[in-house]
Every structure is written in structure tokens, then in C-alpha cells.
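Here is how the chains run, residue by residue.
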Amino acid sequence: EDQVTQSPEALRLQEGESSSLNCSYTVSGLRGLFWYRQDPGKGPEFLFTLYSAGEEKEKERLKATLTKKESFLHITAPKPEDSATYLCAASSNDYKLSFGAGTTVTVRA
Amino acid sequence: DGGITQSPKYLFRKEGQNVTLSCEQNLNHDAMYWYRQDPGQGLRLIYYSQIVNDFQKGDIAEGYSVSREKKESFPLTVTSAQKNPTAFYLCASRSGTGDPYEQYFGPGTRLTVT
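So the protein lines, in turn, are chains A and B. Everything in the first sequence is counted per the numbering used here, starting at 332 for the first residue and increasing by one. Everything in the second sequence is counted per the numbering used here, starting at 167 for the first residue and increasing by one.
If we strip away everything but chain B, and leave its shape as in the complex, we get (with noise of 0.2 angstroms):
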């Protein structure tokens, strides 16, 4: 089947400790994002990325940092300079060349730190 995975589902962490998420897709789009989702609130786009090898920053950036190393994988990870990182982090991936430009999401993983 083709998709995107995240894992873990559920991640707890300690403040002060750097955690990675991951990301796969095996659907050979060009594209992949990362969104931060917190209750009330719309979608925030942290990174993206268009092309291995290069990405860039979105609206919230600060205290994350990523890697596009491979087509099918975008890790992210969220470093203990991020101020609120209790969040629900979902990736989503897209086709690079031409109509339609919707993105399709990954299952989401629930960052708890405490």
C-alpha cells in the first residue's frame, strides 16, 4: 500500500532532551512538510521540502531542525530549544509536478514533554 508513516504514535519526553520523529512516504512524491497542530489552532507548516538535499524554513521554524537526505524520508527533529514542544505533529507529502497540489498526511505522532 502506498502512504506515509510517522512513528512513534506516542512520544514522551523530558524537557531539556532533543527527540526525533520520523517520516516516510513511499509514494514518490517530490515534496514533503512538516505541520505542528495544537487545539483551536490551524495547521502551522514548521519545514519543508521541495527537492533531496534542500529544504526550508516555514512559519515556526525556531527550535526544530530537519534533513531531506533521502526522496521517501523527512525527519524531523525538535530540540530543547523549543519552548512548547508538546504538540501533535503530523507529516504530509505532495506530488512535485503539475495539478493536483493537495497534500496527503501521515497518521500524526502526540508529543508529550514533561
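Chain A extracted, bound-state conformation (with noise of 0.2 angstroms):
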């Protein structure tokens, strides 16, 4: 059974304090790591895709890495406007998606 697990559950920083989100996963034939952004009462957004160990993805403050067991989300400086909950989910051969139970950010001003 896939199974994804996303660490630490709820992170605080600093405006401008850099951080990282850990996403474990275990899969049987890994297609694709996705990232998505969820804000309160709303649906995920999506943010990246990760097809293969040592592949990175960025956006804005956001750097997304991949290895053959977890994905790193890294956010760089970060502004209150990236507070919300960021989750991880892994796809296995099937095109189903295992979601991470998500790491909640708020980032002061």
C-alpha cells in the first residue's frame, strides 16, 4: 500500500526565515511527487510535479526537490502571503494519488 508522511505537522517562522518540509513516501513504481498549496476552506492549488530522483522545481520562494525516498519542500525568505497548509502526495502506476496529511505554515510579519 502507498504511503506518504509529511513532517513537521505545523511550522512557524519569521518573516524571512528559510525553511524545509519533508515528504516521505512509499510507493511500488513512483510516476510522479506532486506539491500542492491549500489555503483555508478552499481546494489544493497545484504547485509542482517531480518525476525522478534528483530533479528540481521552483517557484517564486518555493524550491522543490526529489530523492528516491522523499521530497523536500524548501521556502526561501518567506512572506506572510505564504502561509497555508502545503501538501505531498505520491502517484504509483495506477494514476492514483496518496496524499500526505499536509504541514501547516504561518509566517509572521
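It is possible that some hints are incorrect.
Here are the simulated DSBU-like pairs of lysine-lysine, each with C-alpha atoms no more than 35 angstroms apart in a straight line [stated by the list, open to error]:
{"id": "1", "chain 1": "A", "residue 1": "K373", "chain 2": "B", "residue 2": "K223"}
{"id": "2", "chain 1": "B", "residue 1": "K175", "chain 2": "A", "residue 2": "K394"}
{"id": "3", "chain 1": "A", "residue 1": "K388", "chain 2": "A", "residue 2": "K399"}
{"id": "4", "chain 1": "B", "residue 1": "K223", "chain 2": "A", "residue 2": "K399"}
Short, incomplete list of chain B residues facing chain A, as computed with Cβ under 10 angstroms [stated by the list, open to error]:
{"id": "5", "residue": "F178"}
{"id": "6", "residue": "Q203"}
{"id": "7", "residue": "L209"}
{"id": "8", "residue": "Y214"}
{"id": "9", "residue": "F221"}
{"id": "10", "residue": "G224"}
{"id": "11", "residue": "F271"}
{"id": "12", "residue": "G272"}
{"id": "13", "residue": "G274"}
{"id": "14", "residue": "R276"}
Calculated from the structure, these hints are not laboratory results. Glycine residues also receive a C-beta, built at the ideal position from the N, C-alpha and C atoms.
Now that you have both chains on their own, put them together as the hints suggest.
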């Protein structure tokens, strides 16, 4: 059974204080590793897809990386508007996504 | 604008009543999905459909039913058999061919059953 575990559950940062979120996965035949951002009461917003170990993708202050067992979402010099829950999901061969519980990030001005 | 719409945003029902949640997409995507989100838990897959007139059970299908009569529509019925129906329900869609495999989500429906 595919499993995705995210840590920490919650992260409180000062504006400008860089940090990383972890996503550990156990899937048979990884097709893709996905990161989403979710604001309270809204649907998840797609951020990145990573397909193979060593791959990296960036968008503004966010950078996602992938190894054979983990993915990291690095937030560089965060701003209050980066406050959200970040979800990680892994896809195995049958195109279903297995989601982690998320990391809730709060950035204080 | 292309996207996924879910209605209503909030839904209140009494125990014992069936309720249907709407999901429509104009992205011309082949696959559609229903998830349930509870506090502190990851999204859990209820049902998915990769093509019109075909759908498969996800991990928590008991007490739910779906139909896929049109490519753009994938309604979810929460039946009275679902023991804990109060949750945030999310619909998603994905293009059925080639990379990428990411799913795009609607805004969600919050269902409260009392």
C-alpha cells in the first residue's frame, strides 16, 4: 500500500526565515511526486510535479526536490502570504494519488 | 475561464437524508475524482472515473455513490449509509493522456450532517 508521510505537522516562521518541509513516500513504481498549496476552506492549488530522483523545480520562493525516498519543499525568505497548508502526494502506476496529511505553515510579519 | 466548479459551497442535511454534491469541469479532462478531507488527515479517495460511463471505488467508497453520464460531470451522492458524512468534499480532474499526471481541484463543498 502506498504511503506518504509529511513532517512537521505545523511550522511557524518569522518573515524571511527560510525552512524546509519533508515528504517521505513509500510507493511501488513512482510515477510522480506532487506538491499542492491549500488555503483554509479552499481546494488545493497545484504547485509542482517531480518525476525522478535528482529533479528540482522552483516557483518564486518555493523549491521542490526529490530523492528516491523523500521530497523536500524549501521556502526561501518566506512572506506572510506564503502561510498555507502544503500537501504532498505520490502517484503509483495506476494514476491514483496518495496524500500526506499536510504541513501547516504560518509566517509572521 | 477553464476550471472545476463544485456546488454548493456549504450544505446542511439531517441524518437519514441522501444528498448529492455537484462537480462540473470544462477542462476537457477524461478522469475525475472525489476525495474527502477531515482535519489532520490526508485526502482520501472515494471514487474515480477515467472515462464516461465507467468508475471505480476508491479507498472509502462505502456509503457513497457516483455516476459519470457526461464527460464534464461527476456527481457524488452521500447516502444515509455513510456513518460519518460531515466533511469537506473535493472534486478533481486530470487529463487522461500522457504527462503530466497532476490533478486539478475544485473549491470544495463543506457538508454538515446533524
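Right, here's what the structure says about each hint:
For the suggested pair K373 of chain A and K223 of chain B, the alpha carbons sit about 25 angstroms apart, so the restraint of at most 35 angstroms is met. For the suggested pair K175 of chain B and K394 of chain A, the alpha carbons sit about 32 angstroms apart, so the restraint of at most 35 angstroms is met. Using a Cα cut-off of 35 angstroms, the hinted pair K388 of chain A and K399 of chain A holds, with the two alpha carbons roughly 16 angstroms apart. Distance check on the hinted pair: K223 of chain B and K399 of chain A sit about 29 angstroms apart at the alpha-carbon level, within 35 angstroms; holds.
For F178 of chain B, the shortest C-beta to C-beta distance to chain A is roughly 16 angstroms, which exceeds 10 angstroms, and the interface hint is violated. Annotation: interface hint on Q203 of chain B holds; nearest CB of chain A at approximately 9 angstroms, less than 10 angstroms. The interface hint given for L209 of chain B holds, since its Cβ lies 4 angstroms from the closest Cβ of chain A, which is under the 10 angstroms cut-off. About 7 angstroms separates the beta-carbon of Y214 of chain B from the nearest beta-carbon of chain A, less than 10 angstroms, and the hint is met.
Contact between F221 of chain B and chain A, as hinted, is not supported at the beta carbon level, the nearest pair being about 13 angstroms apart and thus beyond 10 angstroms. Evaluation of the G224 of chain B hint against chain A yields a held restraint, the C-beta minimum of about 7 angstroms falling below 10 angstroms. A cut of 10 angstroms between beta carbons decides the hint on F271 of chain B: the least distance to chain A is about 4 angstroms, and the hint holds. Residue-level restraint check for G272 of chain B holds (minimum Cβ-Cβ distance to chain A is 5 angstroms; threshold 10 angstroms).
The restraint placing G274 of chain B at the interface with chain A holds, with a minimum CB-CB distance near 5 angstroms, inside the 10 angstroms limit. Here the hint on R276 of chain B is kept, as its CB sits about 7 angstroms from the closest CB of chain A, short of 10 angstroms.
Going through the hint list in order, the structure does not satisfy hints 5, 9.
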